[in-house]
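Novice: So you can see what is in the structure, the chains are spelled out below.
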Amino acid sequence: MCPWRNPSADVALWFPGSTRSDTEVRILSGVRPELAQRLGRQPTAGENALYVHRIWRGTELLGEVATTRVKGESGAVELAVAFEPDGRVHGVRVQRSREPEPIANVLQNSWLASFQGKTATDLSAGASTIPAVPPEARTTGTAIMEGVRSLCILREMATRPGILRRPAPEAAAHLH
Amino acid sequence: MNPSKSSQPSAPVVIARGLSKSYPRGSVTVAALRNASFEVGPSEFVAIVGPSGSGKSTLLNLLGCMDAPTSGTLQLDGQDVSQLADSGRTRLRRDRLGFVFQHFGLVPTLSVAENVALPAFFARRSDPKRVDELLERVGLSSRRHHRPHELSGGEMQRAAIARALMNRPILLLADEPTGNLDSQTGSSILELFRELNADGLTLIVVTHNPSLASAAGRRLEIQDGVLISSTPGSPPKPHGPR
Amino acid sequence: MLRLALRNLLRRPLRLALTICGVALGTAVWMTLAGLGDGYRAGLRTELDRAGVQLMLVPLGCPYDAAARVLKGRTLETSLPASALDAVRSDPAVAVAAPMLIAAVPRPEENRTDLWVGLDEASRHLKPWWHMTAGRDWFSATNGAILGSEAALIELRAPGDALHSPELRQTFRVEGVLERSGTSDDSLFFIPLRTAQRLFAQDDRLTAIAIRLKDPAELRAVVQRLQQIPGAQVVTMTEMMGTFLRLLGTVRTLLMALAIVACAVGILGVLNTLLAAVVERTPELCLLRAVGASRTQMVFLVASESLLLAVAGTAAGVGIAGVGGHAIESLVKPFLPLAPTGTLLQLGPDRMTQCALAAVLGALVAAAYPAWCAARLPPALAAKTE
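Chains A, B and C, in that order, give the protein sequences.
Every letter in the first sequence is one number past the one before it in numbering that gives the first Met the number 0, and letter 79, counting from 1, is 78.
Every letter in the second sequence is one number past the one before it in numbering that gives the first Met the number 0, and letter 237, counting from 1, is 236.
Every letter in the third sequence is one number past the one before it in numbering that gives the first Met the number 0, and letter 78, counting from 1, is 77.
Calculated from the structure, these hints are not laboratory results.
These numbers come from a predicted model, not from an experiment.
Cβ coordinates follow ideal geometry from the N, Cα and C atoms, glycine included.
Check before you lean on any hint, since a few could be wrong.
Just so you have them, the derived chain C footprint on chain A, three or more residues with Cβ under 8 angstroms [what the hints assert, rightly or not]:
#: 1; stretch: 73-85
#: 2; stretch: 97-105
Have a look at the derived ranges for each label pair, beta carbon to beta carbon [unchecked claim]:
#: 3; chain 1: A; residue 1: N108; chain 2: C; residue 2: G230; range: 46 to 52 angstroms
#: 4; chain 1: C; residue 1: H124; chain 2: A; residue 2: E23; range: 49 to 55 angstroms
#: 5; chain 1: C; residue 1: E178; chain 2: A; residue 2: R31; range: 27 to 33 angstroms
#: 6; chain 1: A; residue 1: E135; chain 2: C; residue 2: A220; range: 56 to 62 angstroms
#: 7; chain 1: C; residue 1: P377; chain 2: B; residue 2: A197; range: 31 to 37 angstroms
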């Protein structure tokens, strides 16, 4: 499980005006075959459950945040991805990476902003919807795109009726 | 039911000579029983009567080997028990004597059958047939698995009598056996005692109950720790199955 | 007798449960603390054995702290000159002298610190237990890196992958990934010594030198010679083990005092329960005496009740120790010096047997006085009491 490194800053950036948050674990092990089909690969052990941090203003759900760790060119890249309540990507942040500076610069906010409003279907179309990156950043860029797409699919599956939900054992940080 | 392991058929079961018991109370010594001498023959039914505090229970305790006399001698079935150590008295109580108490004295966590079997258990014996036979005899076969609190007073006393007979005693000692029972139930217990005595069992009963006292063949009357009269007893009855 | 004892105990279920809880807690505390002590000793021995060294040369300062830090892959504020290595290697009794440089790179945004350990070829001889899950077991290039299992897992690295350190501005090539060992090696990044010295601007400096002797019997003479190296001091692993075990001994004494109190509470609980039961059941016990129970049988009856309490309490205590022992371990572990990685709690059959015997002994001790009271009850009271 990839931690959410800086929830306060992320929430302030993506969901200003939020009043509280909670964390749910959604169990996806029951839908593994379909998940494998949609991901185009076998889900990892970590993908049997999705930790969803829900952000609220009073009783209004502003959005959700999920995290993932992908294999970058020079080390692990940890992503925090914010979703609109309808499942579209609201924002993406690289929480940590070991990428050399030139590559890290390419994969900065301007490129990450291109994920905004995208769905799993949009991202399956790949490069056509996300701007291309220079060849030296391609491996990590592709990994990030695949990571966001996977999270979109996991989140979509996790909102289906019948999916088991329970509060996270390590109760989510209450931000306000 | 053969009552006795006694050596001589006509030899007394109890021979008390100058039996005394005193208890220290602070700096004073209280004589509870003084110089009691008497005999009880085989198959006799003896009632010990007297006012409260006269020394009846003290005498019964001595006869039951639950206490040792301060002076005098006591022979039970030909054996001098007055100088016996605790272990010897325990063995005697277990193997040769039976006790019936006013308050029944059943162990509440054990069933009727288990209560009846207790003396055999302490003698490291198991005799379920004997338990069945005794329960049958006292009319409690159908209550064998019941706990004491599920029985009536009369049934509890019957169970206690069955327990007292478990190890085939030579002498049955009863302390106010009808004291906690209504008169009708008391009569049924008295009847049971009569039957047991008729079968050859020697009985010594401490009682205030006139019916029970008059049913006895002989009465020992005690006052202030002194045996003041002993009405002649009925002749020993022939032994029969108990 | 046991059945009778059990039924007697079951008369007061709440008192029975509370007494069993008392015994269980005492047993659990005793077992856990003893199990932790066993595990600590075994773990420490394993870690020191795995270090494969008899001596360690460290900079002046607290030698045990320095050696412990080095063993745990932590940095030192001071360092040794490279000349110390030459001096050690020139000693005829030294079989292997493995220099190392340990450097920490904090990553505050991740709440962690990357620990880089520079090793030279000699270290291979001191780490025969190193096994790779994949890749090579030594560096083939100056930018090679070997990752501990946990480090590789977090960084999603496999042999052949690049590993960049933004802080050092250096990209390494992962050459091997270690199997999980349960030691501090699991979370370390190993790189060639020269590379480490260059990257951390520590040319010709070393954090420590691990030493293996040709003949351990020469230990004392070698220590005396190596103590002469300026700015350096020698720590033997035996001394370290002894020091840590002495430290542990102090901690253990305190913990054992706690355990003894817990056990005493358990024993007193049993004693109290039995004594109360004897007092409550005086008429009944007198009656048992009257109908033929010997004094010995009365003692057995009370002792049986005590043993039943002890058995139930011990069984529950073993369960509690199994379930809650790890929670106690996590509380105690931070206070242990050089706490080995992995779980410390060892609840082996020996310890359980010892505990069960102690419980039986405790039960007999607790039963002694109530049993004596029960055995001395006069049967004559049976007629007087209801």
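Novice: Next step is simple, just say for each hint if it's right about the structure.
Specialist: Now for the hints, and whether the structure bears them out:
no.	hint	result
1	73-85	holds (count 3)
2	97-105	holds (count 5)
3	N108/A - G230/C: 46 to 52 angstroms	holds (50 angstroms)
4	H124/C - E23/A: 49 to 55 angstroms	holds (52 angstroms)
5	E178/C - R31/A: 27 to 33 angstroms	holds (29 angstroms)
6	E135/A - A220/C: 56 to 62 angstroms	holds (58 angstroms)
7	P377/C - A197/B: 31 to 37 angstroms	holds (34 angstroms)
In this structure, every one of the numbered hints holds.
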